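Asker: Chains as they are written, first to last, in the numbering used here: chain A, 1 to 195; chain B, 1001 to 1144.
One thing to keep in mind: the hints can contain errors.
[Unchecked claim] Sample of chain A residues at the chain B side, in silico, Cβ under 10 Å:
| id | residue |
| --- | --- |
| 1 | F20 |
| 2 | E21 |
| 3 | Y24 |
| 4 | N27 |
| 5 | K37 |
| 6 | P42 |
| 7 | E46 |
| 8 | F53 |
| 9 | E58 |
| 10 | K117 |
| 11 | L118 |
| 12 | Q145 |
| 13 | T164 |
| 14 | H171 |
[Claimed, not checked] Okay, derived cross-link-like pairs now, DMTMM-like style, lysine to aspartate or glutamate, Cα gap no bigger than 25 Å in a straight line:
| id | chain 1 | residue 1 | chain 2 | residue 2 |
| --- | --- | --- | --- | --- |
| 15 | A | K157 | B | D1017 |
| 16 | A | K122 | A | D176 |
| 17 | A | K160 | B | E1032 |
| 18 | A | K18 | B | D1072 |
| 19 | A | K18 | A | E6 |
| 20 | A | K144 | B | D1072 |
| 21 | A | K133 | B | E1026 |
| 22 | A | K157 | B | E1030 |
| 23 | A | K178 | B | D1062 |
| 24 | A | K144 | B | E1026 |
| 25 | A | K122 | A | E109 |
| 26 | A | K168 | B | D1017 |
| 27 | A | K160 | B | D1072 |
| 28 | B | K1077 | A | D41 |
| 29 | A | K136 | B | E1071 |
| 30 | A | K178 | B | E1047 |
| 31 | A | K25 | A | D86 |
By construction, these hints were calculated from the structure, which means they are not laboratory data. Source: prediction; values computed, not measured. Beta carbons: idealized from backbone N, C-alpha and C, even for Gly.
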Amino acid sequence: MSPEEEQIWQAIRQRDEKIFEAYYKANYRLFFLASCKYLRDPVVAEEIVNDVFLRIWEDALTLDIQVSLKFYIYRAVVNQSLNALDKHKRERLRREELKEDLRAADEWEEMEDNELKLKFYKAIDELPTQCRKVFKLSRFEGLKQQEIAEKMGISIKTVKNHITRAMKDLHKVLLDYKHLPLWLLAVKYFFWCHH
Amino acid sequence: MNMDERTPYDDAGLPWDLILSAMQGELTKEQEVQLNEWLEASAANQETYERVARLYREELADYPLYAAAREDEAWAKVQRRMGKGRSGVSKGRARVLTLKSWAAAAAVVILVVGGGLWYFSTKNGAVAYATTADQQRSVSLPDG
Chain A
1 MSPEEEQIWQ AIRQRDEKIF EAYYKANYRL FFLASCKYLR DPVVAEEIVN DVFLRIWEDA
61 LTLDIQVSLK FYIYRAVVNQ SLNALDKHKR ERLRREELKE DLRAADEWEE MEDNELKLKF
121 YKAIDELPTQ CRKVFKLSRF EGLKQQEIAE KMGISIKTVK NHITRAMKDL HKVLLDYKHL
181 PLWLLAVKYF FWCHH
Chain B
1001 MNMDERTPYD DAGLPWDLIL SAMQGELTKE QEVQLNEWLE ASAANQETYE RVARLYREEL
1061 ADYPLYAAAR EDEAWAKVQR RMGKGRSGVS KGRARVLTLK SWAAAAAVVI LVVGGGLWYF
1121 STKNGAVAYA TTADQQRSVS LPDG
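Chain B on its own, in the form it takes in the complex (with noise of 0.2 Å):
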């Protein structure tokens, strides 16, 4: 790869029709024999046709993904999540942490309600203990 640094190329003189009608498998035989001719006339000929080779059928490769590519459509997803603070990358772990978070809320605030209505309903009066659950807590021992 480093010698095409040593030999500028001209490429008015290429053979191209024959060159990229074997790319794409396009050759008639009179042609395969002109294209063989050329390729054994010079090693430069043939290192010549296997860089417009690998040109042809390895780097044009991607071309469908980059044509594909959409940086305006793309953009406007990141602007979104932009100026939102640490939720803009960690934004689906925040609000499944949120979300936790008032579920355990929600049951700490059933049991607790639930069970001091449970207290209350089964031992009569005694009203003023139900104020939190570590109240609740220590009333509940002397009664088992």
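One chain only, chain A, in its complex shape (with noise of 0.2 Å):
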């Protein structure tokens, strides 16, 4: 475990329920992805979140978690999301998977990838609001150009330079996550391989 999630794990363990609810509140959306992914059902989602949280909350005296918190409760979410599926594409879906531990390390980058999706979806709603508003029209209720410059009483022109803006501000996000320095990399393969 990192050292931040080792304090974290700690304060868990001793009852610190303030910690846990900041833990919660600072990933909810993590897991609660990850579980959309499967599922596509925010209800069941949020209610298999909760689950495993209420779990770890209840057991952490008894639990034995080494690499990461994150990633254990990751993967708690994503099984217990598998094992809500119904079994026709259940069975598929392990049809498809490879051996445990390249499993582990697939589920591993996924979780990178959720993450990365985070740091994008956090980028848009920092956007100015009439920038965010435009580019969520067109990107996420499909209105085209000219349906949004008369929606909003603004020029094509501006709508263009909203959605560009928005989009120069997302690639920069990837850019930036992309070049993470080298260091970072070194230490997180340290605690992947550290058990």
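Build the complex: two chains, separate frames, hints provided.
Answerer: Listed below in structure tokens is the structure:
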């Protein structure tokens, strides 16, 4: 476990409800999205995340978590989501799986992909109001540039500028993420292999 | 993908309008020609286009789910279930079990009382035996 995780985990074991709450709220969307990936059902996803967190809270003293607290919870959420799928779909997914250890590495990667997604989504939320509005209408509501211009009473040129600004920001998030300093990768690798 | 790590990229010169209009299916014929020219100019351009397309189409797809997530409300539900010991996670099952055992207890009481009443209404006297089920059973054997 990384030093921060170790600290959080010890606090949870000592029944520190405030830290548990802060950890839950800081990471809820990551686990929520992970479950949604399999179930496409936000209601069940929330239940699954909550069940896993409650189990962590209640079994904290007997659980032996070594590699990563976040990854432990992530896997528990994914497994429980798979269990919630109907049998047919589950078998198909299982057949696609490789050996268990390879699967762990895949899931680690999947978790990192989801963390990157969260960075994009936070970046969208941080766009200036008008820009965010235009971008959402375009990307998520499927409106044409002309329709957005009319709806918002702005020129097409301004619509284009907003959409470009938004995608430039998101592209920058992607490039920054990919250019993580090498030492950080080394640290991550160390924690991953060091059980 | 790893190539990106070797080629730090400046996005200032990208034809963003062309790329994004392509994503949104809003290219004019003329723009389509321009975009194709730009794509054919270099492998790096194609790579960039694919990277942005993946970002736009796939990576952003879950944003509505993310935006609908409510950690404060979800946490309130966790909190309500916390501090209830094991009943937090397996509350549903525990409640069913309790209900079942109450039903079983009630059934036993009804059987004992009902059986006792029936027994003593058909036979006179011997009221003192009707205290427990065991005693009843031992009494009813010589009877049959």
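Asker: Which of the numbered hints above does this structure break?
Answerer: Hint check: 20, 27 and 31 fail, others pass.
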